[in-house]
Every structure is written in C-alpha cells, then in structure tokens.
Amino acid sequence: MARMKFLCDADRCIECNACVTACKNEHEVPWGINRRRVVTINDGKPGERSVSMACMHCTDAPCAAVCPVKCFYTTADGVVLHSKDLCIGCGYCFYACPFGAPQYPKVGNFGSRGKMDKCTFCAGGPEADSSKAEYDKYGSNRLAEGKLPLCAEMCSTKSLLAGDGDVIAQIYKERVAKRGYGSGAWGWKTAYKETIAS
Amino acid sequence: MTMLLALGRSAIAALALAVLASIAVPASAQQPTQVNPTASSVKEDQLFRQMTRIDGRISIPDAKEGVLIQPAGQSWRQFHEVTLPWIGAIAILGMLALLVIFYLTRGMVRIERGRSGRTIMRFNAFERFVHWLTATCFIVLAISGLNITFGRQILMPILGPNGFASWSQYAKYAHNYLSFPFTLGVVLILLMWIAWALPNRTDVEWLKQGGGLVGNKHPPAARFNAGQKIMFWLVVLGGAAAAISGYLLMFPFYATDVEGMQTAQMVHGIVAVIFVAVMLAHIYIGTIGMEGAFESMGTGDVDLNWAKQHHPIWVEQEMAQSRGASQGAPAE
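Protein sequences appear in the order of chains A and B. Under my numbering, the residue at position 8 of the first sequence is numbered 8, and the numbers go up by one with no gaps. Under my numbering, the residue at position 93 of the second sequence is numbered 93, and the numbers go up by one with no gaps.
Be careful, since some hints might not be right.
The calculated lysine-lysine pairs, modelled on BS3-like cross-linking and capped at a C-alpha distance of 27 Å, are [said to hold, decoys possible]:
id : chain 1 : residue 1 : chain 2 : residue 2
1  : A       : Lys24     : B       : Lys64
2  : B       : Lys43     : A       : Lys178
3  : B       : Lys217    : B       : Lys308
4  : B       : Lys308    : A       : Lys173
5  : A       : Lys115    : A       : Lys84
6  : B       : Lys64     : A       : Lys193
7  : A       : Lys189    : B       : Lys64
8  : B       : Lys64     : A       : Lys45
9  : B       : Lys64     : A       : Lys137
10 : A       : Lys106    : B       : Lys64
11 : B       : Lys64     : A       : Lys84
12 : B       : Lys43     : A       : Lys158
13 : A       : Lys45     : B       : Lys43
14 : A       : Lys189    : B       : Lys43
15 : B       : Lys43     : A       : Lys193
16 : B       : Lys64     : A       : Lys115
Hints are computed from structural coordinates only; laboratory data are not their basis.
From just these sequences and the hints, can you work out the full model?
Structural data, given as structure tokens:
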C-alpha cells in the first residue's frame, strides 16, 4: 500500500497560488479557510523561496495525539483524516500542528472556533466515498476516483508533488541529480522524520 | 553569552565553509558553466539553526498563515500528553489522599463548647450569592476542563466515541459561557472581601500555630484567619490567571499567535489543576472537616460558640459594633 505524502520542490515554486485557488474551488472551502497556502521566505531578497504548504499527513500525527475526543484517524494510504461529527472545535490540534494546517470556521462560540477543517489529501472523510454528506463536510474525494490531490495535479511547474512517498521522493532525487541542486524537501523532517538525500 | 556563542558558532561555520570551498575549487573549475541558483537560497535546516520557527510572507489576506513550520507544537504536545496529566493526577489525587488521611486521624473539628443556640450573621445574602455563583461556575468549569485532559482515558471508554464527543461539545460550550459569570464572581470576591484579606500580625501567630488544625490550640483570628486569607488570594490570583489565559485561548489571534496560545494553554492547565486541588481542601473544611462551618455559607448565620472558637477577634468587633448601634440591646 502506498504511503501518501506531499513534497514541495521550492526551487520550482513560482508562488502563483494556483494550488490555493484550485483547492478552494474543488472542495468549496468556506470563506476564510485556507487548506493550502504559499509562504514566501526572504521575500524580495536574494535566495527567496516559496513553499506551498498544507497538512503534511504526518507520521505519528501530533494533531491526532492531542485531540481530546480522538476524532482523527489515519487511512491505509497514510492520509490523516478527521471526523467533523466528533470534533468539538477546541483548537488543540492547531497548537500541536507544526504546519498550521487545522483551520476553524468562525461559527462556534463567540465566532471563534467551529468544527476544524483541514486538507484531506482529496480523500474526503469517514462518510461513504463520494457521498453528498462527505462532500458537504470535507469536499470531494478524488482518491476514491483514482485521482491524486488537485493542487499537485494542476501545479504548472510541477513543484508540488503528491502521491506515494517513495515515488515522489524518487522524482525529486532525479530532478536534483539532473539540475545539480535542491533546497530540500521542506517539512519532511518534521512530518515524516526523514529527509531526501540530495 | 548566547550572542558570543552564536558568533563563535558562525565563525567556525565560516571557517569550515572556507576550507570546504578551497577543496571544492578544482571540481568547479572543471565545470565553469555549472550555476547553482540555490547557493544563496534559504534552507530549512539553516533557518532552524537561526530561529525557532520559519515565517514568511503570504499573499492571502490571512497574515497569521505566514508561519510555515512551527516545531514548538512538538514540545506542547509533550506537555499536553505527559506533563499536564501527571501534574494534574499528583495534585488532585495527592490532595484527596491527604484529606482522607487528615479526616481519619483528626476527624471533624468540633465546636468545643457545643452549640450555644444563639447565632451571629457571618455572610450576608449578597456575599453568599457571589460565593455560590463562583462556586457553581467553578464546579462546571472544573469538570468540563478536566474532561479535556482526562476524559479521553476515563469517560470515552464508558460513553463511546459519539457519546463522548457530544458530551464534550456541551462541556466546551459550558466551559466557554460559564467563564464569564465565573470571572465576574472572582472580581466581586476581590472587591467584597479584600478589606478583610490583607495580611497583618495576627496571621503570623495563626500560621505559627498551624491554624489550630495541628494540635489543640486556638490561635485567634479576625473575620478571616490566615488560611482563609491565603484561600482568598489563591482564588483571586489563580482565577485571574485562569481567566486571562482562558480568554486568550477562547479568542484566538486577538492578542497572541500560536506560541502565545501554547503558553496560555500550559498556564491555564497547570493553574486549573492546582486550583481544583486547592478547592478540594476548601470544600473539605467547609463541610465534613469542621462542625458548624457550612452554615456560614448556607444560612449565613453561624453559632456564636463556633464564631468565638474560630474568629474571636471578629466576634468582639461585631459585638462592640452592635452594642454601639443599638445601645446595649442583644446581638440578635
């Protein structure tokens, strides 16, 4: 079974934010929620790099570890999903998450935190695959249709890679070998306790 | 010192780079057209050596999303999963054990001369209202708060995932909404009782004699003894810490970022479990620990003999006041 991962090749990312827009559109994500975002480091200075970041679907996920109601689960593909029926919107997953992935609609008490929303690796939630209930809560389930996450699929520079961790790591390694440089797989050490030797 | 260390470290790094570069010169000389655009680029490892988290600029309106990676969540996770449950369990179970041992050895503190049948008003209706407002809020806040830390281990196996989630949802609502009357109660307690809660010389003597809890002496006390004064300050300061840290968590990003919220949660958790432990002792001494004590917050009127035994200075003051007011008429 594949172990799904994201990898952003920062040397290719042109900060077009198409991944952000595609994600919002595909899942009809509510206003104010950003499942994916592009962060530019050292903006305007020599050596600036942009990194597209969302939930990394961590190994030994911190969000799942701290959730007081255990609403998280990891699928057979290594995708970290959660149940919005169980989530109480406490905010703990956000405190623990290294990537700022958990997002909260401003609908709960005092408009602070409703039920958490985050990237699903386009894999929906606990409801029946591709059902209306699943779509309403988590957005579309592309994985169930045999497709990979839309953000990576439509990335114009193929900077953002999504898929089996071994396969995307291999693609990245080949790129680095061919072009002779690489600024590394951002977040991999934090999320998967591994790096890609380049 | 850290500056010096950092300087030293970067000097060593620069030296190492220079050595590496001198070795690498022949290799790059063979391929002069090879350009490495990443030579000056930011790198994750290098950024983490310089700072605790990686921030950047973001073009979407949500500026707080500019934090790319914040590994501090890992240590917060350790606190939430290991440290806090241990502190909580030791504080609360330890206090319960102490109280049980104390009750078994000392038993209920009796009114030595028995009830006189005459009473004296200790707390008026407003004071009792404020006390019970704060107390009921505290009990709900304590249960719903402990549920977040311990519910998963204790209640979830009993209620099942769905039952536990809906209970926790209501518990969260209760926790958030009741924080307001609780905070109001703490503020009123401060204003209402601070005049009697300021430390003075009587307290030193009272504390020296262990409050009469150890041994059979009865150190004199005014309206509040040193123990009650300490309780007052624990409630006021602990309540303030819990309220401020709690509101930082309830209104995310109004005043703090994610690291501020992690700290706020740690303060909130530690203060809360110690608060619960302290309140267990307060509930004990106000109920089964001392004969005649509950009445002060129940009906508001305590037996005169109880008052003379525990708060003789206060009784004298009250007597003098009522004599002055009603020209020698009985206190009742």
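Numbers of the earlier hints that this structure fails to satisfy, in rising order: Hint 4 alone not satisfied by this model.
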